[in-house]
Every structure is written in structure tokens, then in C-alpha cells.
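Take a look at the letters that make up each chain.
Protein chains: 2
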Amino acid sequence: MSVKIAVLGHGVVGSGVCELFYKNKKSIEKRAGEEMDIKYILDLRDFPDSPYKEKFTKNFDDILNDDEVTSVAECMGGVEPAFTFVKSCLEKGKSVSTSNKELVAEKGDILLRTAKEHNCNFFFEASVGGAIPIIRPLHKCLAANDIDKVAGILNGTTNFILTKMYNDNMPFDEALALAQSLGYAEKDPTADVEGHDACRKICIISSLVFGRHVYPKSVYTKGISDIQLCDVEAADVLGCSVKLIASVRRLENGKILPTVMPTLVPYENIMSGVSDVFNAVLVYGDGIDQAMFYGRGAGKLPTASAVLGDVIETVKRTSTESAQTWEPSSDDSFIASHEEYVSRWYFRVPDGKQPSDAGSYRHDDGVSFITDKPFSFAQAMDMAKEMNAFAFMPVMD
Amino acid sequence: MSVKIAVLGHGVVGSGVCELFYKNKKSIEKRAGEEMDIKYILDLRDFPDSPYKEKFTKNFDDILNDDEVTSVAECMGGVEPAFTFVKSCLEKGKSVSTSNKELVAEKGDILLRTAKEHNCNFFFEASVGGAIPIIRPLHKCLAANDIDKVAGILNGTTNFILTKMYNDNMPFDEALALAQSLGYAEKDPTADVEGHDACRKICIISSLVFGRHVYPKSVYTKGISDIQLCDVEAADVLGCSVKLIASVRRLENGKILPTVMPTLVPYENIMSGVSDVFNAVLVYGDGIDQAMFYGRGAGKLPTASAVLGDVIETVKRTSTESAQTWEPSSDDSFIASHEEYVSRWYFRVPDGKQPSDAGSYRHDDGVSFITDKPFSFAQAMDMAKEMNAFAFMPVMD
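Chains as they are written, first to last, in my numbering: chain A, 1 to 397; chain B, 1 to 397.
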């Protein structure tokens, strides 16, 4: 008797799950220790030419009411109807593996609790960093660490745009258009460009690392649409690349501070070399010092690989993996204001406004410099006002 | 009733395991789902000032015959007596987590089989890449992939030396002396400098990925003691850094080819930015394309973190983790000769001997260039002879 799987959604990721599963079926079964097969694919569309056409259903109840199906891969995206479907599966004791970051960021606590109550698993490795193993290493391999900071490049589209600005001197609008023509960015690029996608992912990481659900609305989020070519060039002269960094840290007062902001990354930091659509996550712990995970953060097969890795784990486990979980949060009083964010800062100011003691770079669009000392975001805002700054950004440690 | 642990060896890693365990005991227990304590520390030396002094024993039988001890951390190093001790523990059903790469590279197949026969676990995350989670991601998170190549910077000492040669123009001997004075290199640096340490680690990775035990003696291994400052400088002009790369790939004929060689890494490759004592492992799979794991490859707390991550897993599991294993190999006929290694090549030759069509860099010590096309190692050797080459090295894809 083989383990029967259902795949919800046959878009980019869902079809990748089917493709990769049948390509590597033998070795996947060997690793799971069980024979496995996909019994259903849920999609409202018709796929008359699909090699899996006999597996399609438009009726979710076919899957829910089939006791043979014990493991479900959710690749639909969006909160609804994914939430209702996933919750129903978990309530029937079917484990679910998802690539859906919106779902996990908005409803992770509820779904983790539901899984626990029904002795099954809700896994979401694919929801952060695509192919990059990060969720499982965070709670398993690094389990002996007190982790106090995580910082990541978690959105491939914006990293591609910033790389084009940097490598090819391409203005933002042109780089965005190129990303769209290559299929890296949506027609409406807001979720990527304004940082909402990265925000959802840092919410998931924050929840997992610090143990309480962090909602996207509690996270200060700034995208890259204001980044000027002159800032990218000036950053280079000052020894840094500009990246959209999603990070979370624990402050001395015990609160946590998740943010998404364009940030200067010094060339000594390995993160500065993460280019194109690649993602990376840097983890700081008291045992490991720092460790980085790097890879393709999106795409059909990379994301499918992460979903299937989770599906294999659901097959191997007979009970809930208790370590990979977090508590609901009734308020966000454990989250610090972004004004408490402390770092060195990059400023671009009108010529003559720069402090005399800082190494600075004069160019056509003003003068750029990095502060020697760290300041809080609140202080940096005051300084920016005082200097009539055109732009300011934090600098990564 | 708490889970009782024994730590074999109280050197750098073993004492780190005790330190990190008691520092993070609460969160470790939460993740393991059980109360835990260290009951014994085995060491022949006396530690009268240790905070754990009542736990020390010089008699291994105290540990072996205490049925309360169910999880053992082996941090002694060397094949014997570690092998005898670890095998005895496994035969009694005590799971073992080790940081000992010599032990795993020489005896991994036997110990994995022993663990399976006695329904316990032999874990070795700490034996490769120190703090970097690589063993578990390879067999768990990337389980849906067909992995066909792994390449890593697996020795921190040589990477430190190469970084000093590159950044500070420091000759090899001087950089080695500095590494020794900083405690990064042993008095007898042979195991690091000649690549034996990296060789053991690529053996472990090769065995895990391709499923059959690969012995160090079957692996072509060349260290960095021949690397000249002029080659590091020329590589930079040609857009590459020089790294000691341990890699394994599967050839089209089904054989695998593990090697350890100084290699030019183009700056576009994220591995080129891995500096100082840091390690990194790049994994190529059909689903993920590529993923890299980066962090501290050695040191007290980083290695202890990896050992304890495994110890936590031994506590959570009631049966053998079957996926993390490999078969014994009676011969090495499945391993290809290094002469079949195909890549582009870096040559340094006397002026006048360089091919006219290649971009080349003329300097005081000859002419350096990289071939446009890939050649086998055997062909590269012939070319080197023909051109009276001073040096030649592969170039990473």
C-alpha cells in the first residue's frame, strides 16, 4: 500500500511538484521509506494534455473525504480558499506541506495548533527562500543556539533589479521592465517592489525563531522604488552594495524588531555577493557565530524541491514535529518600533551639508557618506531633516 | 526522569559541548521535548577547577554499563580508541553524535550499520563544516533532488592562508606562521595544508550523497603548499580567487569523481567571497539548481553547536533515521580517476609559450591565462608539459 498524496493547485509550483516527483520517484521513495503516489491534483482549470490528466479533480471534497490521502501539498497561494482547505485537511489528520507564504504569515499559528491537535504536521519550508533549506535548519540543526538575529535577501525580483542597477547602470524603471519581461516580476509588481513579499517571509522566520506569531502589519516595511542609480553608485564607492534586507533582531529589552529596508551591505559581508534572483539568509547564534544559507528563492523546480522535501518528512513521521511551532500573539507589544533600529547610516545630502569628519563621495546628485557611529532610526530621521537629506539607509553590521 | 548524556573527551570541542549545553539548557530541553543532563565526561586528564568536575570519569565502562545513559557525544578525535568506544555504545543501543571526521571517513559504514542493527542513531553533522548545517539538509531538505555535484571550501586553515596571500600579499610561509600563531593551524600543519582534512570531509559528503563508502585513500588530494603569490595575483587579474576546493561529481559513465585541489573560483561565483576561516558547501541538484551553506567550519562553540543539534535529535527519535546512511564498498571501482576531471584550466607558463588566442596576463614570473575550453586533467597535464608550465589549476564552473 503506497502513501497517497494530493497536490492542491497546478500552477507554477504545483506542476513543478508533479514533475519533480515523477522524475525522482524512486529515490524519493527510498528516502521516505515508503512507496508513494500522487492520487489527486486539485485545479479548477482543465489540463487535457497533461500526463497526469486522470488525477485532476475540481472538487476539494474528493480529496478531503478520501482516507487514503494522508499527505497534501498546498501550492495554490493566497489566504483563501487555501486556509479553509488546509485547515480541513489537518482536522482530518492529513499532514500538509505548503509553499504559500501569505497563508503561513497570516494563519501559521492557527494551522500549527490544528496540526498538533490532530497529531499530524503542517510544514512550510518552501514558504521562505524557495529551494533554500532554512526552516528546518533553523529549528533542527541550530537547535542548540540562542539565535538573536536573522537577516536575509528574501525577494528575488528586487534583488534582480538591484543587481541590474549595480552591474549595468540600469535605472530602476528599466530594470523593473526587464524583470517583468523575463517573468521575474508580476504585471503588478507592488508586492515585490514595495517589500510586502519579503515582509511575509521575515514574519515567518521571526515567528519560528522567537516563538510568537508576528503579523505583516506589525513590521516596518520599505521597498526599493525610491532607490536612485546615484545611491547604488555611491554605495559602491563607499565599499557596499545595496540590498533589500529583511531582518529581525532581539533587543536588550527583550522585544524583537523585524523590518524590511533597503540597506547597504559592506563588501566584506558575504551577503553583498548575493546577486540576481538568488536569495540568502544569514543567521546569528551564540554557538555558530554566523551561518548563511544561499540559493534560488523562487521558481518552479526549486520551490517544488522544498515542498517535496517536506512531503517526504510527512511520510516518515507518525506524530507532530513539536519543535517547529509557535504561539499565537494577541497583541504586538513584544515588537519594538522601527525607530529603535540602531545601525550606521548612509546619507545622501546636498553638497556642503556633509559632516567634515566623515569620508564622503561627491557626485552629480549630492554628497554621499556613511556615519562612523551607529544611531537609532529616530536619530537618523532627525539628522536627515537637519541636513535636508535626499536619501538615507541603514548599513549592515 | 531526564535523559542522561555522556561526553567523550574534554578538549576544545568536548568542553564546548558542556559549555553550550548548560548555557542554553532550557531552550535545548524545550526543543528536545525532554529534560536532559550530562551525567559523565570521559577524559584521562584531571580538571580540578572545572565546574563539572564531579561528572568526570577515566573509565569508559562507567558510561558503557550505565543504562541511564542513552545519548553519547564523541569529541575525542582520531580513529582509536574512538571507534571501539563508539561501536560499543551503539551495540548497547546508545545513540552517538560525533564531531570526528577521521572516524566517519574511515569507519562510517560500519558504525551506521551497527546503529541500524541496534535501533539507535549515529549522527555526524559536526564532522563536516563545523557549525554549518550540511549533513541534515543534504539528506532531508534536499531529499527530492537528484544531486550530481557538491563542491566545498572545507578547511578553514587553508582558506585563512589563501585569504592572507590574497588580501595582504603575504607569502605562503608567512601566512602559515600567522595561522599557527593565531591557533588556526597545528604545529604540524600537514593535515590541513596538504588537503587531508578536506579529503576526509569530501569522503563523508560523497558517501552520503552517492550511497557508498568512499575512503580517503581513493581520493586524489593536492594541498596548497605549492601555491605562489604570483598565481594568487594573476588569478585576481583574471577575475578569480584561489581556493582549496574539495568536490565530488557524478560522471556520465555513472562513476563518481571526488578530488581535493587548489582551484580558481571566478568572482561571479558566490564561493569566491568565502574568506578567512569560513567554510562553505555548494550543492547542485536537479530541483534546486544550486544552494550554498556557509559558516564557521571549526572552533569550540560552532562545532559544539552542531554536536548538540545532533544530540537533541537523538533524544527526539525512538528509531534509526534510515535515510542518513550508506553502504560499505568492497573496492573503489565506482570512483573515476582524477585524470577524467574536466574543467577549464589556469596555466602559468614562460613568456612566449602562451597560446595566441587566450586573454593572458604577463608578469614577473611568467604569463598566466585561463583556457577558453574545458579539457580533462590528463590533457591539461600534457599541455602543461608541452608549455613547460610552472603551475596549472582547474577553474570552477
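Treat the hints with caution; some may be incorrect.
[Claimed, not checked] Okay, derived cross-link-like pairs now, DSS-like style, lysine-lysine, Cα gap no bigger than 30 angstroms in a straight line:
no., chain 1, residue 1, chain 2, residue 2
1, B, Lys-30, A, Lys-116
2, B, Lys-316, A, Lys-26
3, B, Lys-87, A, Lys-30
4, B, Lys-25, A, Lys-26
5, A, Lys-149, A, Lys-53
6, B, Lys-107, A, Lys-23
7, A, Lys-300, A, Lys-87
8, B, Lys-55, A, Lys-25
9, B, Lys-53, A, Lys-87
10, A, Lys-25, B, Lys-300
11, A, Lys-373, A, Lys-149
12, B, Lys-55, B, Lys-300
13, B, Lys-25, B, Lys-255
14, A, Lys-316, B, Lys-300
15, A, Lys-149, B, Lys-107
16, B, Lys-149, A, Lys-30
17, B, Lys-316, A, Lys-4
18, A, Lys-25, A, Lys-4
19, A, Lys-116, B, Lys-316
20, A, Lys-222, A, Lys-187
21, A, Lys-255, B, Lys-149
22, B, Lys-53, A, Lys-116
23, B, Lys-107, A, Lys-4
24, B, Lys-87, A, Lys-116
25, B, Lys-116, A, Lys-149
26, B, Lys-25, A, Lys-316
27, A, Lys-316, B, Lys-55
28, A, Lys-25, B, Lys-255
29, B, Lys-353, B, Lys-149
30, A, Lys-26, B, Lys-255
31, A, Lys-23, A, Lys-53
32, B, Lys-149, A, Lys-107
33, B, Lys-25, B, Lys-53
[Said to hold, decoys possible] Which bits of chain B does chain A cover? Going by a derived footprint, with three or more residues having C-beta under 8 angstroms, they are:
no., region
34, 129-137
35, 144-155
36, 186-194
[Stated by the list, open to error] Chain B side only, calculated, beta carbon under 7 angstroms to chain A, not exhaustive:
no., residue
37, Leu-308
38, Ala-378
39, Met-381
Simulated from the structure, these hints should not be mistaken for laboratory data. For every residue, glycine included, the Cβ atom is placed at its ideal position computed from N, Cα and C.
Now for the hints, and whether the structure bears them out:
1. B/Lys-30 <-> A/Lys-116: holds, 16 angstroms
2. B/Lys-316 <-> A/Lys-26: holds, 28 angstroms
3. B/Lys-87 <-> A/Lys-30: It holds: about 26 angstroms lies between the C-alpha atoms, which stays within 30 angstroms.
4. B/Lys-25 <-> A/Lys-26: It is violated: about 41 angstroms lies between the C-alpha atoms, which goes past 30 angstroms.
5. A/Lys-149 <-> A/Lys-53: Not OK: A/Lys-149 and A/Lys-53 at ~46 angstroms, beyond 30 angstroms, violated.
6. B/Lys-107 <-> A/Lys-23: Not OK: B/Lys-107 and A/Lys-23 at ~33 angstroms, beyond 30 angstroms, violated.
7. A/Lys-300 <-> A/Lys-87: With a Cα-Cα distance of about 25 angstroms, the restraint between A/Lys-300 and A/Lys-87 holds, given a limit of 30 angstroms.
8. B/Lys-55 <-> A/Lys-25: At roughly 49 angstroms apart (the allowed maximum being 30 angstroms), A/Lys-25 and B/Lys-55 break the hint.
9. B/Lys-53 <-> A/Lys-87: violated, 52 angstroms
10. A/Lys-25 <-> B/Lys-300: Between A/Lys-25 and B/Lys-300 the Cα gap is close to 41 angstroms, so the pair fails against 30 angstroms, i.e. violated.
11. A/Lys-373 <-> A/Lys-149: holds, 20 angstroms
12. B/Lys-55 <-> B/Lys-300: Answer holds: B/Lys-55 to B/Lys-300 is near 20 angstroms, not above 30 angstroms.
13. B/Lys-25 <-> B/Lys-255: violated, 45 angstroms
14. A/Lys-316 <-> B/Lys-300: violated, 33 angstroms
15. A/Lys-149 <-> B/Lys-107: violated, 38 angstroms
16. B/Lys-149 <-> A/Lys-30: This hinted pair holds, its Cα atoms lying about 20 angstroms apart.
17. B/Lys-316 <-> A/Lys-4: holds, 26 angstroms
18. A/Lys-25 <-> A/Lys-4: holds, 13 angstroms
19. A/Lys-116 <-> B/Lys-316: holds, 16 angstroms
20. A/Lys-222 <-> A/Lys-187: holds, 20 angstroms
21. A/Lys-255 <-> B/Lys-149: violated, 43 angstroms
22. B/Lys-53 <-> A/Lys-116: violated, 41 angstroms
23. B/Lys-107 <-> A/Lys-4: Cα-Cα ~38 angstroms, so violated.
24. B/Lys-87 <-> A/Lys-116: violated, 37 angstroms
25. B/Lys-116 <-> A/Lys-149: violated, 38 angstroms
26. B/Lys-25 <-> A/Lys-316: holds, 28 angstroms
27. A/Lys-316 <-> B/Lys-55: violated, 37 angstroms
28. A/Lys-25 <-> B/Lys-255: Status holds; Cα separation ~22 angstroms.
29. B/Lys-353 <-> B/Lys-149: violated, 34 angstroms
30. A/Lys-26 <-> B/Lys-255: holds, 19 angstroms
31. A/Lys-23 <-> A/Lys-53: holds, 17 angstroms
32. B/Lys-149 <-> A/Lys-107: Not satisfied, since the Cα-Cα distance of roughly 38 angstroms exceeds 30 angstroms.
33. B/Lys-25 <-> B/Lys-53: OK: B/Lys-25 and B/Lys-53 at ~18 angstroms, within 30 angstroms.
34. 129-137: holds (count 5)
35. 144-155: holds (count 3)
36. 186-194: Check failed, 0 qualifying residues.
37. Leu-308: holds, 3 angstroms
38. Ala-378: violated, 32 angstroms
39. Met-381: violated, 33 angstroms
Taken one by one, the earlier hints fail for this structure at numbers 4, 5, 6, 8, 9, 10, 13, 14, 15, 21, 22, 23, 24, 25, 27, 29, 32, 36, 38, 39, listed in ascending order.
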